[in-house]
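Participant: Here's the letter readout for the chains.
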Amino acid sequence: MKKLPDAEALLPGLAAELGARVSPATAMIGLYTGGAWLAERLHALLGLKQPLGLMDIAFYRDDYAKEGLKHDPKRTRIPFEVEGRDLLLVDDVLYTGRTVRAAMNELFDYGRPRSIALVVLADRGGRQLPICAQHCGAQVEVPEGMRLRLKRAADGRLSLELERAA
Amino acid sequence: MQRNPQLNASGELQHLLSIEGLPREILLQILDTAESFAGVTEREVKKVPLLRGKSVFNLFFEASTRTRTTFEIAAKRLSADVINLNIAVSSQSKGESLLDTVANLSAMQADLFVVRHASSGAPYLIARHVKPHEHVINAGDGRHAHPTQGLLDLYTIRHYKQDFSRLTVAIVGDLLHSRVARSLIHGLTTLGVPEVRAIGPQTLLPAGVESLGVRVFHDMRSGLRDCDVVVMLRLQSERMNGALLPSAQEFFKHYGLTAEKLALARPDAIVMHPGPMNRGVEIDSSVADGPHSVILPQVTFGIAVRMAVMSIVAGN
Chain A
0 MKKLPDAEAL
10 LPGLAAELGA
20 RVSPATAMIG
30 LYTGGAWLAE
40 RLHALLGLKQ
50 PLGLMDIAFY
60 RDDYAKEGLK
70 HDPKRTRIPF
80 EVEGRDLLLV
90 DDVLYTGRTV
100 RAAMNELFDY
110 GRPRSIALVV
120 LADRGGRQLP
130 ICAQHCGAQV
140 EVPEGMRLRL
150 KRAADGRLSL
160 ELERAA
Chain B
0 MQRNPQLNAS
10 GELQHLLSIE
20 GLPREILLQI
30 LDTAESFAGV
40 TEREVKKVPL
50 LRGKSVFNLF
60 FEASTRTRTT
70 FEIAAKRLSA
80 DVINLNIAVS
90 SQSKGESLLD
100 TVANLSAMQA
110 DLFVVRHASS
120 GAPYLIARHV
130 KPHEHVINAG
140 DGRHAHPTQG
150 LLDLYTIRHY
160 KQDFSRLTVA
170 IVGDLLHSRV
180 ARSLIHGLTT
190 LGVPEVRAIG
200 PQTLLPAGVE
210 SLGVRVFHDM
220 RSGLRDCDVV
230 VMLRLQSERM
240 NGALLPSAQE
250 FFKHYGLTAE
260 KLALARPDAI
270 VMHPGPMNRG
280 VEIDSSVADG
290 PHSVILPQVT
300 FGIAVRMAVM
310 SIVAGN
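The listed protein sequences derive, respectively, from chains A and B.
At position 126 of the first sequence (counting the first as 1) the number is 125 in numbering that gives the first Met the number 0, and the numbers step up by one without a gap.
At position 53 of the second sequence (counting the first as 1) the number is 52 in numbering that gives the first Met the number 0, and the numbers step up by one without a gap.
In short, the hints are calculated from the structure, not lab data.
Quick caveat: nothing in here was measured; it's all calculated off a predicted structure.
Fair warning: there could be bad hints in the mix.
Residues from chain A shown here face chain B by an in silico Cβ test under 10 Å; the list is partial [as the list claims (entries may be wrong)]:
no.: 1; residue: Asp55
no.: 2; residue: Ala57
no.: 3; residue: Glu66
no.: 4; residue: Leu68
no.: 5; residue: Asp71
no.: 6; residue: Pro72
no.: 7; residue: Lys73
no.: 8; residue: Thr75
no.: 9; residue: Arg76
A virtual CB, placed ideally from N, CA and C, is assigned to each residue, including glycine.
Throw the hints in and build the complete structure from the sequences for me.
Facilitator: Here you go:
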C-alpha cells in the first residue's frame, strides 16, 4: 500500500492555490470536525479578513432515518452575512459527497451565496453524488473497508490516518 | 431487571417519560443537542429538515397554552407536520378509552405523541402500547413529571451558570402539587448539583422530600441565603380553598419572592419560574421583571430543548 501524504506538507500548496482566488470579501467555512481544523489553518495562512465560520451538518444529514441523530452535534456559527458572498467550504476528506450536499443545504438557510468553492485536503474518490472539489491537496487511494481521517495532535499538527470503517 | 421503559435495547432514548432514571449521559446529550438547536432558532430561516414527513400529534387531555405552543413550534422548526388535539372536547368525552384514541391516531400514521394528562402514568401506558417506530413524550402527567420543563430549567441554569458542580439551587413554594419540581430535583441531583433546597410550608412539601436529596427550609430567608438559582413555583390557586393555606396574602408574606428577600441570595443569582406566574402571590412584579429574572429566556430555551428531545427520540 502506498504511503499516505503528509497533511502538513500539503498545506502551503493548498493555501497558495487559494491565495490566487480570494478577495477581502471571501469567507471560509469549515465542517466539523476535521474540516474545521483544516479551515483554521488555511484561514490563518491566507490572512482572511472575514472571521471563520464553523458548521456541523448533523441536522441536514440524509441518513437520520437510519442512524438517528449523532450524539454531540456542535453549534453552527456563521459570523458573517452569507447573502451574496463568495465562500470557501472546507472539509478534510471528500468521499461520497453526501456531507457536502448537506452543508450546501444548510448554507442556503443562511442566505444565497454568490459562489461556493469546495476545498479538501484529500479526495479518496467513491462519489455517490455529482460533486467535485475545486481545490484538492491530494488524491488518496483508500483500501476497501477503511476510512481516511484527519487527526490533530496535541501540538496542533495535522495528519492523515487510516482506520477501519465502523 | 426490568428495562427502563424510556430506553431501547441499546440504551438510547426512545420515549421521554421522566427525568427520573435517565443516566447523566442522556441528560447531557439532550442539553448539548439543544445548544446546537439554539443556534438554529437565532437564524433567519429557523427550520431544519430533520423530521420532514413525520407527524407529531399533540395530545392534550389537560389545558395548556405555553407547553403546547412551544411543542408545536419545536415540531414545525424540525419540519414535522403537527396535529393538535384538544381531547377534553373530543372523543374521550364521548367515552372512548385512552388506548383506543391512540390506536386511531396510530392508524393515521403518527410518528410522535406529545401527551399531557391529568393522571400520573398515562404517557407510560401509551408508550407501552405504541408501535416500535412511534415515540411518546410526556408533556406533564398529573403530579408526577414534566420532563421537558425540567430539562429546559437545567438548560437555563447551565446557560447562565455553566458548571453544575458548585451551585446552590432553591425551589420555592408549592412543591407538593408540582410535577415541575420533581423533574427538576431529579435532574439537578443527576447532574451533580451539591445543594438543592426545598423551601415552603410543611403543608406544601411532599412527605419524604428529603429522600430525593434536598435540604428542607420552612423559613424562606434562611433558605435563600447564598443561593445561585431561585426557582419559584406557581401556587396552584385551586388549592387555596382547602386546609393547606390560609390565604394568598399570607402565603406571599412568608413565601413570596420580593427584592428584599432576593437580596439574601448571591448577588448574581438568577430567578426562574415555569409559568404561568401569579404576580403578588408567589413572586413580586419587581422581581419578575427585574434584572435577576430569566423567566422569558426560559420560554425561548424551551423551544430548543423540545427540538432536541423530539429529534433524539424520533431517530432512535
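Participant: It remains to establish, for every hint, whether it holds in the given structure.
Facilitator: To see whether the hints hold, each was checked on the structure:
no. : hint  : verdict
1   : Asp55 : 7 Å, holds
2   : Ala57 : 7 Å, holds
3   : Glu66 : 7 Å, holds
4   : Leu68 : 5 Å, holds
5   : Asp71 : 6 Å, holds
6   : Pro72 : 4 Å, holds
7   : Lys73 : 6 Å, holds
8   : Thr75 : 5 Å, holds
9   : Arg76 : 7 Å, holds
No hint from the list above goes unmet by this structure.
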